[in-house]
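Novice: Numbered by this note's numbering, the letters in the sequence shown go through residues 779 to 1137 in order.
Worth double-checking, as some hints may not be accurate.
[Said to hold, decoys possible] Taking lysine-lysine and the DSSO-like style, the derived pairs with C-alpha atoms no more than 30 Å apart in a straight line are: (1) K1123 to K1109; (2) K1001 to K1044; (3) K861 to K896; (4) K1044 to K982; (5) K918 to K873; (6) K907 to K1004; (7) K873 to K1047; (8) K873 to K976; (9) K896 to K1001; (10) K873 to K1004; (11) K918 to K1044; (12) K1001 to K918; (13) K907 to K982; (14) K897 to K907; (15) K976 to K1001; (16) K918 to K1004; (17) K873 to K1044; (18) K897 to K873; (19) K1001 to K873; (20) K1047 to K918; (21) K1047 to K1021; (22) K982 to K918; (23) K873 to K907; (24) K907 to K1044; (25) K976 to K1123; (26) K907 to K1047; (27) K907 to K861; (28) K907 to K1021; (29) K982 to K1021; (30) K896 to K873; (31) K918 to K897; (32) K1021 to K1004; (33) K1001 to K1021; (34) K1021 to K976; (35) K918 to K907; (36) K1001 to K897; (37) K1047 to K1001.
[Stated by the list, open to error] Derived DEER-like restraints, expressed as beta-carbon distance ranges: (38) I913 to T858: 17 to 27 Å; (39) P1020 to P871: 50 to 60 Å; (40) D1099 to E916: 14 to 24 Å.
Read the hints as simulated data drawn from the structure, not as lab findings.
Quantities reported herein were computed from a predicted structural model and do not represent experimental measurements.
Using N, Cα and C, we set each Cβ at its ideal position, and we do this for glycine too.
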Amino acid sequence: MEQNSKKIVNTKKLAMSLFSLGLLLMFVGTSYSFFMYSKEGQTNNEMATGTFQVTFESNSEAINLDNAYPMSEAEGQETTSYKFSIHNRGDIPAKYQISILEDEGNTISRENLKYTIKKSTDATFPISKTLNSLILVESKSLQGSATDTYEIKVWLDENATNDAMGQTWRGKIQVVSEEEKALVYEDHIAPTIILSGKSVINLKQGERFNDLGVASVDDNVDKNLKTTNVQIRYEFFDGDTPKSVTEIDTDQIGAYIIYYELLDTKGNKGVVARTVNITQVNTEPPTVTLTGNIQETVALNGTYTDPGATAVDQVNNQVNDILVFGTVNTKVAGDYILKYFAIDKDGNIGSATRIVRVQ
779 MEQNSKKIVN
789 TKKLAMSLFS
799 LGLLLMFVGT
809 SYSFFMYSKE
819 GQTNNEMATG
829 TFQVTFESNS
839 EAINLDNAYP
849 MSEAEGQETT
859 SYKFSIHNRG
869 DIPAKYQISI
879 LEDEGNTISR
889 ENLKYTIKKS
899 TDATFPISKT
909 LNSLILVESK
919 SLQGSATDTY
929 EIKVWLDENA
939 TNDAMGQTWR
949 GKIQVVSEEE
959 KALVYEDHIA
969 PTIILSGKSV
979 INLKQGERFN
989 DLGVASVDDN
999 VDKNLKTTNV
1009 QIRYEFFDGD
1019 TPKSVTEIDT
1029 DQIGAYIIYY
1039 ELLDTKGNKG
1049 VVARTVNITQ
1059 VNTEPPTVTL
1069 TGNIQETVAL
1079 NGTYTDPGAT
1089 AVDQVNNQVN
1099 DILVFGTVNT
1109 KVAGDYILKY
1119 FAIDKDGNIG
1129 SATRIVRVQ
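Given these sequences and hints, build the entire structure.
Specialist: Here you go:
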């Protein structure tokens, strides 16, 4: 047993070593847009974009996570970091932004990735963040002729979903000046739209619908986008084929799809959808069916066991909760009435009555 445990530990160490080696090679030299703005004769790991000269430690072209292995915070913090330097070539302060360009063919969602970034002058790396935003560092000021050096680490989160394990992710580091951000950025990422309220709403026919709209929008480049820029369109489906409509009419039974769409300045479209299901109002009471006879007879001083009842609703199918009112005293002759009530989800009440004769 002890020998097997050692094999498991050694296997994990081997996997960690291979992953660390991958991290050493995975970080980016530059993005495609840097090549567009670089001058002839420059090395692959030294690029100029306007005000800034960016020097990368490696000539590797992109961040690559192949056959990604999930890591804890402690393990991720121990991986080999990658360094790159940003030099202000001017003699006055200038602002820059550090971001990541994400490859369209990625099979790992960036929500499953963790990253940490710091200046080399900082003592320790901060607690990692999820790579939800592609902007890593925003609006940092750099004095004229000064240099900032950064270190970055990226790994697959230990809480990532199973479908992320063993998959790949590719991204490119990009540094641009504030004044050239819109010009230089090779933007193919769609804006993000967050809805207010639920994405699926169920209403009864004629019930009022209140669209809570959009809570927020975000884009990796365009920071001036607002919720008021979101365009809305509707589709309606009633069992035939979807058709475009201009509004939601809750008098019509069927399913409405609301599309919330937002374009950034590069023409990338972000879309989210909300479904509104309109169902028929149920006014029919459930049908209560007695088990046994409508009239039962029991002998004086005998024992009576109620056989019960079942209930079925026209819309909600079987109703499980049936209330029974009334008692039978077999020590006293006479007719006793038992009442059975069933209530469906719409509040409709169905009933049935049984007479038990003690004689």
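Novice: Of the hints given before, which are not true for this structure?
Specialist: As far as the earlier hints go, 1, 4, 8, 13, 22, 28, 33, 40 are violated by this structure, in ascending order.
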